[in-house]
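Asks: One-letter residues, chain by chain:
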Amino acid sequence: MTPSPRLLVAVGAGGAVGAVARYAATQVAADGSGFPWTTFAINVSGSALLAGLLLLPLARRSPVWAAALGPGVLGGYTTFSATSEQARALLADGRPGLALAYVAGTLAACLLAVALVGRAAPPLPEEDEL
Amino acid sequence: MTALLVALGAAVGAPLRYALGQHLDGAWHHGTLTANTVASLVLGACVGWSVDGSALALVGTGFCGGLSTYSSLAVQVRDLGPRRGSAYALVTIALGLGACALGYLVARG
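So the sequences go chain by chain: A and B. Under my numbering, residues 1 to 130 are what the first sequence spells out, in order. Under my numbering, residues 131 to 239 are what the second sequence spells out, in order.
Please keep in mind that the hints were generated in silico from the structure rather than gathered at the bench. Everything numeric in this text was worked out from a predicted model, so none of it was measured. Take the hints with a grain of salt, since some may be wrong.
To be verified - So these bits of chain A aren't anywhere near chain B, every CB distance computed over 10 angstroms:
| # | residue |
| --- | --- |
| 1 | Ser33 |
| 2 | Trp37 |
| 3 | Leu56 |
| 4 | Arg61 |
| 5 | Ser62 |
| 6 | Arg95 |
| 7 | Gly97 |
Stated by the list, open to error - Estimated spans, in silico, between C-beta atoms of each pair:
| # | chain 1 | residue 1 | chain 2 | residue 2 | range |
| --- | --- | --- | --- | --- | --- |
| 8 | A | Pro57 | B | Asp182 | 39 to 49 angstroms |
| 9 | B | Ala185 | A | Ser33 | 20 to 30 angstroms |
| 10 | B | Val221 | A | Gly105 | 13 to 23 angstroms |
| 11 | A | Pro123 | B | Met131 | 34 to 44 angstroms |
| 12 | A | Asp93 | B | Val221 | 22 to 32 angstroms |
| 13 | A | Gly97 | B | Ser180 | 23 to 33 angstroms |
| 14 | B | Ala237 | A | Ser33 | 33 to 43 angstroms |
| 15 | A | Ala120 | B | Ser180 | 44 to 54 angstroms |
| 16 | B | Trp158 | A | Ala121 | 19 to 29 angstroms |
| 17 | A | Pro123 | B | Arg238 | 26 to 36 angstroms |
| 18 | A | Pro125 | B | His160 | 12 to 22 angstroms |
| 19 | A | Ala24 | B | Arg213 | 36 to 46 angstroms |
| 20 | B | Leu220 | A | Pro57 | 33 to 43 angstroms |
To be verified - One side of the interface only, derived from the structure: several residues of chain A facing chain B at Cβ under 7 angstroms:
| # | residue |
| --- | --- |
| 21 | Pro3 |
| 22 | Val11 |
| 23 | Ala16 |
| 24 | Ala21 |
| 25 | Tyr23 |
| 26 | Gly75 |
| 27 | Thr78 |
| 28 | Leu98 |
| 29 | Leu100 |
Think of the CB as a built atom: it goes at the ideal place given N, C-alpha and C, for glycine as much as any other residue.
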């Protein structure tokens, strides 16, 4: 299924907003060379917000807003590539324990956040989960 | 200026991920998996080439960050249930790390 141009534009605009928010957060608190706490916090908070997206009446009413906020803002805000690169850098740095703690810790914390928020929120429709 | 480049990159990456997901996500999230793997590959290459400044903001922070997602990954893992969800998470993380390392090594030459 090809998404409508309206949805693509909504996701693009939302993604730009989310990515700038992530960039701003890393400017305020840079990750440094140890455990990347800022990116960790971004991914956990973004996962929690996505799981709770449909608590927002605007997102329930409008598929365009749901796309702009879910795959758009929260997809752009969270990042998987930075997590991969940070873990790779920690491994290359000879810190496999820290890399493992970061990768496993991010996944566990994001899943916990999604499970906790998800208990209160309606499940996302399949097409809005990206 | 830098924030504008981040926004521009993400305005391309995020809809690309969305379209990939709409085309390829099904019982297994091939579209999201592809987006996360490709973004990791490109970011690894950026770091390998020592890309910095405006180019890193546009391609690394903006495009790769917009193309990849952790929030959807987490929600998809939950929805797949314990067995398939664990497999999906492990495959995504392994491919992401592998792609990053590959991009980095190829860029280093």
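Asks: Take the hints in turn and mark each one as holding or not.
Replies: Hints, one by one, checked against the model:
1. Remark: the non-interface label on Ser33 (chain A) is consistent with the geometry, its nearest Cβ contact in chain B lying 14 angstroms away (cut-off 10 angstroms).
2. Against chain B, the non-interface label of Trp37 (chain A) holds: every CB pair exceeds 10 angstroms, the least being about 15 angstroms.
3. Residue-level check passed: Leu56 (chain A) sits 15 angstroms from the nearest beta carbon of chain B, beyond 10 angstroms.
4. Against chain B, the non-interface label of Arg61 (chain A) holds: every CB pair exceeds 10 angstroms, the least being about 20 angstroms.
5. Remark: the non-interface label on Ser62 (chain A) is consistent with the geometry, its nearest Cβ contact in chain B lying 16 angstroms away (cut-off 10 angstroms).
6. Residue placement check: Arg95 (chain A) keeps its beta carbon more than 10 angstroms from all beta carbons of chain B (closest about 14 angstroms).
7. With a least beta-carbon separation of about 15 angstroms from chain B, Gly97 (chain A) lies farther than 10 angstroms from that chain, consistent with its non-interface assignment.
8. Between Pro57 (chain A) and Asp182 (chain B) the beta carbon distance is about 43 angstroms. The supplied range of 39 to 49 angstroms therefore holds.
9. Between Ala185 (chain B) and Ser33 (chain A) the beta carbons are some 22 angstroms apart, a value that agrees with the proposed interval 20 to 30 angstroms.
10. Taking 13 to 23 angstroms as the suggested C-beta distance range, the pair Val221 (chain B) and Gly105 (chain A) conforms, at roughly 19 angstroms.
11. With their beta carbons about 41 angstroms apart, Pro123 (chain A) and Met131 (chain B) fall inside the hinted range of 34 to 44 angstroms.
12. In this structure, Asp93 (chain A) and Val221 (chain B) meet the distance hint of 22 to 32 angstroms, their C-beta atoms being roughly 25 angstroms apart.
13. Roughly 27 angstroms separates the CB atoms of Gly97 (chain A) and Ser180 (chain B), a value that falls within the hinted 23 to 33 angstroms.
14. A C-beta distance of roughly 20 angstroms is found between Ala237 (chain B) and Ser33 (chain A), which places it outside the suggested range of 33 to 43 angstroms.
15. Our hint of 44 to 54 angstroms for Ala120 (chain A) and Ser180 (chain B) holds, since their Cβ atoms are close to 45 angstroms apart.
16. Range check, Trp158 (chain B) to Ala121 (chain A): Cβ separation about 24 angstroms, and the 19 to 29 angstroms hint holds.
17. Pro123 (chain A) and Arg238 (chain B) have their C-beta atoms about 44 angstroms apart, which leaves the hinted 26 to 36 angstroms range violated.
18. For Pro125 (chain A) paired with His160 (chain B), a C-beta distance near 19 angstroms keeps the hint of 12 to 22 angstroms intact.
19. The supplied range of 36 to 46 angstroms is met by Ala24 (chain A) and Arg213 (chain B), whose beta-carbon atoms lie about 38 angstroms from each other.
20. Under the hint 33 to 43 angstroms, the C-beta atoms of Leu220 (chain B) and Pro57 (chain A), about 37 angstroms apart, fit the expected range.
21. A hinted interface residue such as Pro3 (chain A) counts as satisfied when its beta carbon comes closer than 7 angstroms to some beta carbon of chain B; here the least separation is about 5 angstroms, so the hint holds.
22. Because the smallest distance between the Cβ of Val11 (chain A) and any Cβ of chain B comes to about 4 angstroms, under 7 angstroms, the interface hint for this residue holds.
23. Satisfaction of the interface hint for Ala16 (chain A) is found here, the shortest Cβ-Cβ separation to chain B being roughly 4 angstroms, below the 7 angstroms cut-off.
24. Because the beta carbon of Ala21 (chain A) sits about 10 angstroms from the nearest beta carbon in chain B, more than 7 angstroms, this interface hint is broken.
25. At a threshold of 7 angstroms, the smallest CB-CB gap from Tyr23 (chain A) to chain B is about 5 angstroms, leaving the interface hint in force.
26. Look at Gly75 (chain A): its Cβ gets to within about 4 angstroms of chain B, closer than 7 angstroms, so that hint holds up.
27. At about 4 angstroms, the closest approach between the beta carbon of Thr78 (chain A) and any beta carbon in chain B falls short of 7 angstroms, and the interface hint on this residue holds.
28. Interface restraint check for Leu98 (chain A): the shortest CB-CB distance to chain B comes to about 14 angstroms, outside 7 angstroms, so the restraint is violated.
29. Below 7 angstroms, beta-carbon pairs count as interface contacts, and Leu100 (chain A) has none with chain B, the closest being about 11 angstroms; its hint is therefore violated.
In terms of the numbered hints stated before, the structure departs from hints 14, 17, 24, 28, 29, listed from lowest to highest.
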